[in-house]
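As a plain string of letters, each chain reads:
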Amino acid sequence: MAGIIGYGAYIPCYRIKAEEIARVWNDDAESIKKGLNIREKSVPGIDEDAATIAVEAARNAVKHAGIAATDLGAIYVGSESHPYVVKPTATIVSQAVGAGNNLTAADLEFACKAGTAGIQMLMGMTESGMIKYGMAIGADTSQGRPGDALEYTASAGGAAFIIGKEKSEQIAEILATASFTSDTPDFWRREGASFPSHGGRFTGEPAYFKHITSAANLLFEKTGFKPSDFSHAVFHQPNGKFPLVVAKQLGFSEEQVRTGLLTPFIGNTYSGASLLGLAAVLDKARPGEKIFVTSFGSGAGSDSFAIEVAEGIEGKRGRISSIDGMINGSKIYVDYSVYLRNRNSIKKS
Amino acid sequence: MEKASASSWRRMEERYNLLANECKNCGAVYFPQRIVCRKCGRHTKMESRKLSGNGTVYSYTRTHSPADAFEEESPYLIGVIELDEGPRVEGHIVENGKEVTIGTKVRPVFRRMYADGEEGLIHYHFKFAPV
Amino acid sequence: MRDVAIVGIGLTRFGERWEHGLRELMAEAGVKALTDARIESKDVEIVYGSTMASGRFAGQEHVAALLADQMGLKNVPAVRIENACASGGSALRQGYLAVAGGIHDIVVVGGVEKMTDVTTAEATTALGGAGDQEWELAQGITFPGLYALMAKRHMHEYGTTEEQLASVAVKNHENASKNKYAQFRKKITIDDVLKSRVVSDPLKVFDCSPISDGAAVVVLAPLEKARQYNDTPITIAASSQASDTLRLAEREKLTEVKAAQIAASGAYRTAKVSPKDINLAEVHDCFTIAEIMAMEDLGFFEKGKAAKAIFEGETALNSRLSVNTSGGLKGCGHPVGATGIKQAVEVVMQLRGEAGERQVSNAEVGLTHNVGGSGATAVVHIMKRSN
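Taken in order, these protein sequences are the chains called A, B and C. My numbering applies: residue 1 is where the first sequence begins, and numbers increase by one. My numbering applies: residue 1 is where the second sequence begins, and numbers increase by one. My numbering applies: residue 1 is where the third sequence begins, and numbers increase by one.
Worth flagging that the hints you see were computed from the coordinates, not collected in a lab. Here a beta-carbon is modelled for each residue, glycine too, at the ideal position from N, C-alpha and C. Treat the hints loosely; a few may be bogus.
Said to hold, decoys possible - As a list, the in silico EDC-like pairs of lysine to aspartate or glutamate whose alpha-carbon atoms are at most 16 Å apart: (1) K226(A) x E205(A); (2) K347(A) x E72(B); (3) K39(B) x E24(C).
What the hints assert, rightly or not - Label pairs and their calculated CB-CB ranges: (4) E314(A) x E99(B): 46 to 56 Å; (5) T104(A) x C40(B): 38 to 48 Å; (6) K195(C) x K98(B): 42 to 52 Å.
Could you build the full structure based on these sequences and the hints that come with them?
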């Protein structure tokens, strides 16, 4: 089966605390922090966007994988904040990682699950022998309307995964994948609109929970695995609370979810969210451990994966900085006005 | 500021990936690339060579009076970086909370440089980050 | 080679000349210079006109023909010389070569810049074209930024201080206060400089030359015929020029302008003088650090010693060496295309003994030092009273 040859991530160094956002809108910070299980979120620098984040993550992934970038046969970048509506982020990434010109590339959009959709596409392409390696990236500088509840979580970051079928090169094998898709309008952003709109509580039960549990159950049926077979479980994490709730519904313990739950510390990186969670788990996982991953993209759909960590993971450790280092390394806290400035929401001209 | 697509595009390998070149006669490394070796003073065989982008801050300044298209980012930190492979190059130094002074070690990062207004192209470029 | 003399000078007041465009400024300086040289317009054989970025500042290219026309010179050949901020010095050198080589007798060299019709950001960008467009300006690196990079390194290597940088501006404002052509007539203190707004650290507003309008014109003639036109012709004893990489980072050092060193040593050799023979110098103080480096590059002080010497008054008016008696680019103003020629005009005034309140008492030998960009072009002229 196809597997992960290498991965890389990027999280901007800027942070804004939930208290600072609450201060501006006269919200009760403590109840928000508790309700969403969020302390702070990452903020892009004024010169960062989904393309620069994708490039940084992609460069780390190539370094981690130890492959020649020119051996990449496909690059897919999933994001809901591509810098251009027309003109691919994927070509910027392929040029910047030195992938050469003999490859296919495209941008993907499926709210927060475009990155895992890219991985599934590459599984098929590598297993069929169409390409040797492919890279799928989920990266976002997601937006939340000022004053909206989303503002506490919508953050910036991304992760890149290089997929290939050669078992000896894999750091983890993807044992199976299953998806669940329906037309569920829980969250959207129209062409030309600066901020997304959402259906409030409708984003919960009929959207996030239904799709994740459905995809997960499909995967369990397909493989015969049960939650206790996995050392770690990673879910899409729009806030710090939903993944814990859905985990419990499916029969996972909080312990299984802990390592891959990053939202309380960096916010919801949208297309990057479940992939960053997986990267954080891989940073620590031991060969033989199984990892359960389920993404969720509004609109709506979920991709579920069963992954088994391979021996090869040990040899590639330490090649790039860890997710933990990016989360807890040198951070710069910004206030709300600098946050707005970095997001280009206030301008001099 | 350059508005045309082509003028930015033809420098892309240099601006994204620090692609330098090297004189096969004397070994001098040039970034940005040169057609004619300055050291040999004549046209010699030049070969492409990718630089690590790692280097040391040779000088730096924070600019508060920006050029066109850089107003939003102002003030910004500019440095002359002595790259490990030899050449010195000007570049932005991103502020990541680490101190910047002469002698600070830097590594390359990929960032937006500027955009041609609200509807024009976004120009991406290497910058340097203190390590 | 013939000896060449300056037989006529004309200068406009530098500054914000709201009521005057390119053509008025040219005509004002041109008419003064032709009158000073007591020549008829028909005597002029060629015009060299210098402007750095008239296209960016005023939307006007093809400036030499306009200059000739506005001065009342009909159908003479007119050529524009552009070498960034060293355009004026470069044009003067071309005029010098034409006369010295025996090609022309009466040559008019005029420089002009009309800078105040654009915004500060537009002017900053236009001036940025003097650096490497693709690798400096395209990264938002401005001229104050480039000179700040030099200043930081100079401070690092030689212990140069912000107070010493400031003392250059204080001296030049002091001199400018005595010059009716100067943009700034107000004296300033070290503290004023240190407390002014930071432009690109360590350079503050008062470390930087201003955005200015102005024009300067000189008339050249062979020395053998010079007294026909002027009672006190000034000989150009040397004209020397050199270039370097356009991009600052690629130079051997950031703490010197090598092109200026090369141009200066060539000039001293030709004029058969040494730095200690120079009584006054008009140097390119586009930023305070530039004057400190100029003092070192021109051999007036050892490397690393000029800043302290300037701070201690060794280059003040009528001290050991009088530097930038006009007020320099800092105090008198810096209409870029005019600057190199204005420097020559000031030295001529001094050598003629016509500098009034700011007259250098022992003015025998003067030097001009005009730099383009961050040092990719340097032009040095040495002038003497004619015997």
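Going down the list of hints, with the structure as the test:
Under the criterion of a C-alpha separation no larger than 16 Å, the hint pairing K226(A) with E205(A) is inconsistent with the structure, at around 22 Å. Distance restraint check for K347(A) and E72(B): the Cα-Cα separation of roughly 7 Å lies within the 16 Å cut-off, and the hinted pair is therefore satisfied. Between K39(B) and E24(C) the CA atoms are separated by roughly 47 Å; this puts the pair beyond 16 Å, and the hint is violated. Between E314(A) and E99(B) the C-beta distance comes to about 35 Å, which lies outside the given range of 46 to 56 Å.
At about 42 Å, the beta-carbon gap between T104(A) and C40(B) stays in the expected band of 38 to 48 Å. The hinted range of 42 to 52 Å is not satisfied by K195(C) and K98(B), whose Cβ atoms lie roughly 29 Å apart.
When the structure is compared with the earlier hints, violations turn up for hints 1, 3, 4, 6 and for no others.
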